[in-house]
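Asker: Whenever a hint applies, use it, and build me the whole structure from the sequences.
Line by line, the protein sequences are chains X and G.
Mapping to numbering that gives the first Met the number 0: the first sequence position 552 is 551, numbers consecutive.
Mapping to numbering that gives the first Met the number 0: the second sequence position 395 is 394, numbers consecutive.
One or more hints might be untrue.
Straight-line Cα separation of at most 27 Å, DSSO-like style, residue types lysine-lysine; simulated pairs [to be verified]:
{"id": "1", "chain 1": "G", "residue 1": "Lys152", "chain 2": "X", "residue 2": "Lys512"}
{"id": "2", "chain 1": "X", "residue 1": "Lys527", "chain 2": "G", "residue 2": "Lys117"}
{"id": "3", "chain 1": "G", "residue 1": "Lys312", "chain 2": "X", "residue 2": "Lys534"}
{"id": "4", "chain 1": "G", "residue 1": "Lys264", "chain 2": "G", "residue 2": "Lys252"}
{"id": "5", "chain 1": "X", "residue 1": "Lys506", "chain 2": "G", "residue 2": "Lys117"}
{"id": "6", "chain 1": "X", "residue 1": "Lys508", "chain 2": "G", "residue 2": "Lys252"}
{"id": "7", "chain 1": "X", "residue 1": "Lys356", "chain 2": "X", "residue 2": "Lys230"}
{"id": "8", "chain 1": "X", "residue 1": "Lys512", "chain 2": "G", "residue 2": "Lys117"}
{"id": "9", "chain 1": "X", "residue 1": "Lys219", "chain 2": "X", "residue 2": "Lys238"}
{"id": "10", "chain 1": "X", "residue 1": "Lys372", "chain 2": "G", "residue 2": "Lys312"}
{"id": "11", "chain 1": "X", "residue 1": "Lys380", "chain 2": "G", "residue 2": "Lys263"}
{"id": "12", "chain 1": "X", "residue 1": "Lys238", "chain 2": "X", "residue 2": "Lys106"}
{"id": "13", "chain 1": "G", "residue 1": "Lys264", "chain 2": "X", "residue 2": "Lys372"}
{"id": "14", "chain 1": "X", "residue 1": "Lys256", "chain 2": "X", "residue 2": "Lys245"}
{"id": "15", "chain 1": "X", "residue 1": "Lys380", "chain 2": "G", "residue 2": "Lys264"}
{"id": "16", "chain 1": "X", "residue 1": "Lys356", "chain 2": "G", "residue 2": "Lys321"}
Think of the hints as simulated: they come from the structure by calculation, not from any bench.
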Amino acid sequence: MLVTAPLAEFCTLTIDEIYGELPSRIYASLLMRGRSTIQQLAGDTGMNARQLRHGLALLLQHNLLHYHLDAGSPHYFYEANVEHAYNLARTGKILQMVEETHGAAAKDVMQTIILTGLTRVGDLVDAYQNRIDRMNRIKEKLKAEEDPFGNGVESHEVNGEPKPKPTPQSSKSDPLISSIADLNKIIYKLVEAELLIGVHKTSFESPEDLLATIESDIQKTYPGGEVKGNKAKAEYKDKVAEALRKNRSESRSLKRKLEQNGLSAKRRKLFDGAASANVMCINYEKCLVELRNRRLMHYAEEAFGQTTSWVYASLLNLLSKDISRCRDDPITDHYEKDEEKPAPVVVTTSQLLDVLKTSLDLSVGLGQVDADKISVTAAEKIAELPPRKKFFIDVQAEADANASSDDDDEGEDVKPATNGVNGVNGTHVTNGVNGTAKRVDRRTQLRQHLLLLSESTQGFLRHCGAEEWTVDFVPLMAALRQAEIDATIENTVGREGVRLVRMLRAKGKLDEKAIMSVALMRKADMSKKLAEMHKYGFVQTQEVPREAKADVKKSFFLWYFDGTMALERILDVSYKTMIHSLQVLDTLREKDQHVLSLIKRSDVKGQEDDKLRKIHKEKLTQFLKLERMLLGQIQRVDDLVAVLRDY
Amino acid sequence: MAAPNSEADQAKLQIFKDELYDTIREHGSETRVFSQADLKGLGVIPNNDVRILVDVIQMLTNEKLLIGVHLPGGELGWKWRSREDAKKYTSLPDEPTRLVYGEIDQAGQDGVWIRHIKLRINIQDATLKACIKFLESKGFISSMTNVEMPNRKMYIRADLKPSERATGGPWFTDGELDEAFIKVIEGIIFEYIKTRSAYFSRGTVLPQRQPKKGVVTGDARGVKRTATDISNDDATPAPAPATKAAPPPPKGKPMYLPMPAGYKKYPTVNDITEFIHNQKVSTAMLGVADIQALVDVLVFDGLIEPIQVHNRKGYRVVRPTKQDTVSYAKRQQDRESHPELGDIVLGPPPLSSAVTEAPCGKCPVFELCQEGGPVAPSTCVYFQEWLGLKEPAVATANETAPL
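Answerer: Listed below in structure tokens is the structure:
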């Protein structure tokens, strides 16, 4: 990840927001000065060794640092882990995702792990044991007194400044996790879903250090420590990739251990024994895959409506079981030969039908037309290979390419039986009526939705074999990224602006006259729009001299759209927007300092309703509302950042 | 040529000349170029005597009945000109005027820039002006504008219509882009594609629950929202992403639905052109290429997308479920009675973008904004307005300097 100044500032602010000033100052120094030893940090920050140790321990505990020890060197080098620091901002989203897919209890466990950072399995079990015991005691007490009591159960101990986080749960409701067996089941589930992974000895190495270590190790096996010749170089590259992959798979050792022991009775035993020493942490890579699925579902909903999008969401859930990360690493996922590459994951129609919610009515959400207006061969077309690299397909060229293979398809394809949703007699019978008029096979209905997704220009789905479906994430995400960029541009400069941008993207570099004739816009309007977009950094110009003298008056000025530059620009604005939101929140907090300090008092905490004066209570609700708005906005901006950068 | 029988020769040449001219006219249109071999092949000149031929051609050229042109190989060739046109030349008073007229004549439908005339025939400014004035007064030439180069003073033969390239095609009126006309045709095309490429579900399950009021709100969706509307919308906390438990779309609501895969009847450009012809919306001839240009603009606007089913390249509307279900004609009528609704905006509102929703995305002083700077987030009025802490500033002074 490219760490720009706004991104660094945002990460520092986030750490400040969550863990307080001490770690954030150390973190800022690490970001600014690069990797440092503890002595250098002491010099840069002016802190004493005790403070530094505290801060570094906290940062390490929350997996926000990389460290590296060179062989023979007495000092550890510390480095900021920007990815994890940024992911702190996504905590809410991840918890929500876990709650929806794995239940509230799983969310509770996940929340505990996020709050405590790296957690030994044994410690987690102990903590929950304590909590369960306490809960039981309170219950007994409640039975005796019949008096509702505050929710002290939920407050977790966090190093650094403990931050009050109101949790909706109160002791009145039943505890989410009532026994250690439940907890084990949940941990197993989360580990199996790869949302939790084990920490191993290279977990804290930064990717660069890891690569350097592995490379030097492998270089040593070559004569003279040098890799010579093309063949050897290719082989070397392969070896490095393999070693990296091996290292990556180590984090899954916990999952493997659990899988070997399969049965639940044994699992319980496992945590009692050796595995309880295992340290777990949250696997952001996999969380991002799940979040991406949700984003794609919304994208599909925008394009085709809810029913189809739910089908798509189920499909993505199935598919992503075997997907560990959103983007392949160019070095780690390098395969010398194509046949060594792992085959893309596919889902069959039957698999999907098995997991689809029974309450989902598949008969709605699609138009109904006569069978003879549908070309079955076109709809059922199977594309065995992913689309070519260039995503913006020229439809005309595509037509010519298809012409030869599909020539004699025109007259065929009246197969009403396969036409499922549309099979009913009526030409213009409306939806609801149609659904009840004749029962169509659910499988056929499902296929209708899948085929619609496959036909889409965005490339949601690929019909890659008979009854087999897969998603080509790279082109699909490119399309989504493009859609997001376009939406941002449209919201900034209006529809005419985005028209020009799409035009330049499709046609390349154009001069004003050419743009004018294609865009059907007045010259003055167009120039104004282009200048405005140039100011925002959405379009660029290039000067092409007509003759050797390069006379400006005679030069051509070509406008063009550079997707990468626009993306960088929008990312930059996004980071700054998030920074500004946090800063505004800080200002608000300062303003209401007196109220906020009140609720931190131990005698008020948990009983705000009773102890606070009315005016303070109003201020507090107002502040909480604003805080929600600002943090919500950060989450929304992060949705955009995720699409542009991570997915 | 011997002097004594010059008179007889002259008469003879006169006959040859007329005959050659007539034969040439029979052998091709005004644009055909005849080489010397072609002229010999006509067989008008006895024994194909080159000297006679040359003399005859000279006479025809002098009378402006033939135009000499250079062929690629360096040879000379000739095109014929009608007698009426030639007469115009001969009626002109002097050589410069004839030359100027010749340049304008040669440019044909594209017209010629006055500076080009000057450069080509190397003539004084004053003379040129006089010539032009004379020709205009005679009604031989007229001035014209070219949409590609609107600032150039151009002239064209009065009896010719400027070419499409010069006028810009049917989307231009008097050299100006006719935006109102384009908007109307765009609206019609979009409506046509929308209704033909998506399935209209009336939602007949609960017809009685479909009040008139709903139509009006649906109509308001097409209206451009004001800035205050938007900021009010944003004031509500960002909604959490919908969960799977969300209810299915209410069945009583009319909406457009996507067509199933493999639908063969997505309208093509030819269909659209035919439709526009049959509707007789315009007296201007709108060809397939013109309609294609407009359809392309709709594609670039992100309102429709090309879709290929077999070899048929049709167009379909994007995001069908978000489309306005009120017909274009109805919306137009509403606007006639309520002009305050403003222009019709085609298609659904754009996808929301989180960055532009926050004040920063549209902030005029975004680049300057920094804690400790003259403009800082902690003192930002836009944020305070957005959070509802402050009424939107009425005083313009506040807006320009958010301090």
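Asker: Take the C-alpha atoms of X:Lys380 and G:Lys263, compute the straight-line distance between them, and say whether it is at most 27 Å.
Answerer: Judged against 27 Å, a Cα distance of about 14 Å means the pair holds.
Asker: Check the hint pairing G:Lys312 with X:Lys534 against an upper bound of 27 Å on the C-alpha distance.
Answerer: Given pair G:Lys312, X:Lys534 is violated - Cα atoms ~37 Å apart, limit 27 Å.
Asker: Under the criterion that the straight-line Cα-Cα distance not exceed 27 Å, is the pair X:Lys256, X:Lys245 satisfied?
Answerer: 16 Å, holds
Asker: Take a quick look at whether X:Lys527 and G:Lys117 sit within 27 Å of each other, Cα to Cα.
Answerer: 35 Å, violated
Asker: Given the hint that G:Lys152 pairs with X:Lys512, test it: the Cα-Cα distance must not exceed 27 Å.
Answerer: 18 Å, holds
Asker: With the threshold set at 27 Å, check whether the alpha-carbon distance from X:Lys506 to G:Lys117 stays at or below it.
Answerer: Distance of about 38 Å is beyond 27 Å: violated.
Asker: Under the criterion that the straight-line Cα-Cα distance not exceed 27 Å, is the pair G:Lys264, G:Lys252 satisfied?
Answerer: Cα-Cα ~25 Å, so holds.
Asker: With a cut-off of 27 Å on the C-alpha distance, tell me whether G:Lys264 and X:Lys372 pass.
Answerer: 7 Å, holds
Asker: Need the status of pair X:Lys380, G:Lys264: alpha-carbon distance at most 27 Å?
Answerer: 18 Å, holds
Asker: Are the Cα positions of X:Lys508 and G:Lys252 separated by 27 Å at most?
Answerer: 45 Å, violated
Asker: Is it true that the CA of X:Lys356 sits at most 27 Å from the CA of G:Lys321?
Answerer: 25 Å, holds
Asker: Taken at face value, is the distance from the CA of X:Lys238 to the CA of X:Lys219 at most 27 Å?
Answerer: Given that 27 Å is the threshold and the Cα spacing comes to 12 Å, the pair holds.
The structure is inconsistent with the numbered hints 2, 3, 5, 6, 7, 12, although it conforms to all the rest.
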